[in-house]
Amino acid sequence: MSRILIANGHLIDPANDIDKTADLAIADGRILACGEIPADFHAEQTIDARDQIVCPGLIDLAARLREPGAEHKGSIASETRAAAAAGITTLCVPPDTDPIIDNPAVSELIHQKAEAAGFARVVTLGALTQQLNGEQLAEMVKLQQDGGCVGISNARRPVKNNLIMRRAMEYAASCGLTVFLHADDPGLSGQGCVHEGGISTRLGLPGIPESAETVAVARELMLIEQTGVRAHFCQISCAHSVQMIARAQHDGLPVSMDVAAHQLHLTDMDVGYFNSQCHLLPPLRSQRDRDALRNGLGNRNISAICSDHQPHDADAKLAPFAETEAGISALETLLPLSLRLVDDGVLSLSEMIATLTIEPARILGLPSGQLGVGGCADICIFDPLQHWTVEPEKFISNGKNSAFGGWELKGRVTHTMLNGRLVYPY
Amino acid sequence: MMRQDIQFDKQGRLRHFLTTEGLSRQTLTEILDHAENFASVINKPVKKAPLLRGKTIANLFFEASTRTRTTFELAAKRLSADVININIQTSATKKGESLLDMLRNLEAMHCDMFIVRHMQSGAAHFIAEHVAPHISVINAGDGSHAHPTQAMLDMFTIRRHKPDFTSLRVAIIGDIMHSRVARSQIHALNILGVPDVRVIGPHTLIPPQAEQLGVHVFHQMEQGLRDVDVVIMLRLQRERMEGALLPSEDEYFRCYGLTPEKLALAREDAIVMHPGPINRGVEIDSAVADGPQSVILEQVTNGLAVRMAVMSLILGRGNTDSEVSP
Numbered sequence: 001m002s003r004i005l006i007a008n009g010h011l012i013d014p015a016n017d018i019d020k021t022a023d024l025a026i027a028d029g030r031i032l033a034c035g036e037i038p039a040d041f042h043a044e045q046t047i048d049a050r051d052q053i054v055c056p057g058l059i060d061l062a063a064r065l066r067e068p069g070a071e072h073k074g075s076i077a078s079e080t081r082a083a084a085a086a087g088i089t090t091l092c093v094p095p096d097t098d099p100i101i102d103n104p105a106v107s108e109l110i111h112q113k114a115e116a117a118g119f120a121r122v123v124t125l126g127a128l129t130q131q132l133n134g135e136q137l138a139e140m141v142k143l144q145q146d147g148g149c150v151g152i153s154n155a156r157r158p159v160k161n162n163l164i165m166r167r168a169m170e171y172a173a174s175c176g177l178t179v180f181l182h183a184d185d186p187g188l189s190g191q192g193c194v195h196e197g198g199i200s201t202r203l204g205l206p207g208i209p210e211s212a213e214t215v216a217v218a219r220e221l222m223l224i225e226q227t228g229v230r231a232h233f234c235q236i237s238c239a240h241s242v243q244m245i246a247r248a249q250h251d252g253l254p255v256s257m258d259v260a261a262h263q264l265h266l267t268d269m270d271v272g273y274f275n276s277q278c279h280l281l282p283p284l285r286s287q288r289d290r291d292a293l294r295n296g297l298g299n300r301n302i303s304a305i306c307s308d309h310q311p312h313d314a315d316a317k318l319a320p321f322a323e324t325e326a327g328i329s330a331l332e333t334l335l336p337l338s339l340r341l342v343d344d345g346v347l348s349l350s351e352m353i354a355t356l357t358i359e360p361a362r363i364l365g366l367p368s369g370q371l372g373v374g375g376c377a378d379i380c381i382f383d384p385l386q387h388w389t390v391e392p393e394k395f396i397s398n399g400k401n402s403a404f405g406g407w408e409l410k411g412r413v414t415h416t417m418l419n420g421r422l423v424y425p426y
Numbered sequence: 001m002m003r004q005d006i007q008f009d010k011q012g013r014l015r016h017f018l019t020t021e022g023l024s025r026q027t028l029t030e031i032l033d034h035a036e037n038f039a040s041v042i043n044k045p046v047k048k049a050p051l052l053r054g055k056t057i058a059n060l061f062f063e064a065s066t067r068t069r070t071t072f073e074l075a076a077k078r079l080s081a082d083v084i085n086i087n088i089q090t091s092a093t094k095k096g097e098s099l100l101d102m103l104r105n106l107e108a109m110h111c112d113m114f115i116v117r118h119m120q121s122g123a124a125h126f127i128a129e130h131v132a133p134h135i136s137v138i139n140a141g142d143g144s145h146a147h148p149t150q151a152m153l154d155m156f157t158i159r160r161h162k163p164d165f166t167s168l169r170v171a172i173i174g175d176i177m178h179s180r181v182a183r184s185q186i187h188a189l190n191i192l193g194v195p196d197v198r199v200i201g202p203h204t205l206i207p208p209q210a211e212q213l214g215v216h217v218f219h220q221m222e223q224g225l226r227d228v229d230v231v232i233m234l235r236l237q238r239e240r241m242e243g244a245l246l247p248s249e250d251e252y253f254r255c256y257g258l259t260p261e262k263l264a265l266a267r268e269d270a271i272v273m274h275p276g277p278i279n280r281g282v283e284i285d286s287a288v289a290d291g292p293q294s295v296i297l298e299q300v301t302n303g304l305a306v307r308m309a310v311m312s313l314i315l316g317r318g319n320t321d322s323e324v325s326p
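Residue numbers (my numbering), protein chains in the order written: chain A, 1 to 426; chain B, 1 to 326.
In case anyone wonders, no lab produced these hints; they're calculated from the structure. Don't take every hint at face value.
To be verified - Stretch by stretch, here's where chain B covers chain A in the computed footprint (C-beta under 8 Å, at least three residues):
id, segment
1, 92-101
2, 319-325
Unchecked claim - Not close to chain B: a few residues of chain A, all C-beta gaps over 12 Å, as computed:
id, residue
3, ASP28
4, SER75
5, ALA85
6, LYS113
7, ASP146
8, ARG202
9, PRO206
10, GLY207
11, GLU210
12, ARG362
Said to hold, decoys possible - Partner residues aside, some chain B positions facing chain A, computed with beta carbon under 8 Å:
id, residue
13, HIS145
14, ARG180
15, PRO208
All residues carry an ideal CB built from backbone N, CA and C; glycine is no exception.
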């Protein structure tokens, strides 16, 4: 099935400024033509994409696949399969697997398993420090050259002190690696499990103050300026963080940031009476923060939306709130929640698609995320108007933990293509 | 906010008692009136009422407590219920699954009510969400979240001295941040119509956006205590010195300890309350704790009547959803 024609779809490819109804021809895993199909092209299969959107396969900047280390929650096969159903063709895995991605072998293992499963590309972030212990630098060059890591990160683990962060950034800069930062001051976040504010006060839960993030952002920005490293802030949650990073961008620092889709729709109020599905890190913040995150997307200071997918076994959410594990199974709601931003007037459809395709590709330094002729045929086709009700127990992901159960969403993926091969429907 | 409904059964009657937040003035007044009846029974020679004969009540205490557990046990026995006391070592049930497993086991023993104390905020809600339909849960204190029966016995004590809630000024002093008692009191006082609820403490012990709970925040006793009718002192835990919340007990006493001089700022007929156990010389001077304005021991006595009232209101009228209301 090497020659496929996607006919009559509404093509949206922000990277190439395409937003029109046209045909797309695919041959041998690559995009052969867009719009004007050569007369000698004979498709072996034609997909009728009338009334559907055809865009580059989605790229998710942060997804825990739970393998290796927590296979009772998910596996590379189970989660990439769910990704395919969600139109996601590339997933970026943070290094806090078990074992940790602090050596090329773990990264290779993940790549091999993903390839064997065949549902999506998986790229890895290597550890910034050995064992993510925040003290000794990991072998970044080996991680990059032998392990194929596309960036480095200490995930949400603390770096021991500013000197080590400075050295790590300097070393990464000399390797040409992007540092992926989860801004968190561990002393300030402490044992917190919800946003510090009305919700922590009402429920008597330990709060995570806004300053746990903003203090770390401020410090990291100073070090980025000093070291010249290219840096990306992951899953920003606070209004002030957006403001500070936007100012740094304006001043010419090589920094970018993303936001998790759920942060654009939920607030601390959704925790209600101890709803453990809303136990997240960073926590759901105030309405003001949510609005600032939406504004940040609207004016492109925040360039990408990710799922921050964290599938859990059922028991992980069955305990008093603070004892439950944080995170949400989010692959299958990523696109519909992003589409809702279009309805809410935050982004145009094309801008929204950019935040899920070309922008994350740029952050990761990948050639994908676009439909340029000659490029890899990673494609997502979806019906933007199809309504559905979120029923987490029916998720394809092993993680049935969602804060969106019962929500009415719009937008369903009908086809996903990886390297010119249909990976969904299965 | 639909989770709030968990406290009521399908007929809209109180099924669990987890928090005072969101309850109606009518419900709280019903509890107080009911307790008033029991208070008169307690002093009679025949102390037992047969209201809960045949019912089994399990005290599940995940956190050590002698006084609260004892009053719940006594209240249950006065109502002729059978009581099981279970003290669960904190280390044995770190995981939610074993907590749920344990609940299933207790359900299999045909308990009708769980009295739950737990160090985690939200534990009572969690248990109430997962118990079988015939079981009711009373929150006997969950983390820093709620302690509704303590708050109700405090309301009972206040009402006996100051019958009209709608004309009162009440000040709660001390570690509001970590106090489940304070949270439940604040909700109850607001629901009962107290127009001026104040909290007084250093910034480090007042939770952020406390005003949203319905209180006026003061950091100085001299301002906060002025003209109040009810002074509620909170216990100060030693570990507050470790988290850099306070420099020392001495300095705390100097600023927030209730002395006769500071109490003189309140109304002449103000009453002084404390949920106990008290730290003499840390949050309260002995002269005040044992003085004429103190109603601290009355609170302890009233705890029994209020707990009998809550238990009998929930269990004494049949709580199952399967029952058809007349």
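Hint check:
no., hint, result
1, 92-101, "violated (count 0)"
2, 319-325, "holds (count 6)"
3, ASP28, "holds (51 Å)"
4, SER75, "holds (21 Å)"
5, ALA85, "holds (29 Å)"
6, LYS113, "holds (29 Å)"
7, ASP146, "holds (39 Å)"
8, ARG202, "violated (7 Å)"
9, PRO206, "violated (8 Å)"
10, GLY207, "violated (7 Å)"
11, GLU210, "violated (10 Å)"
12, ARG362, "holds (38 Å)"
13, HIS145, "holds (4 Å)"
14, ARG180, "holds (6 Å)"
15, PRO208, "holds (6 Å)"
Checked against the numbered hints listed earlier, the structure breaks hints 1, 8, 9, 10 and 11; every other hint is satisfied.
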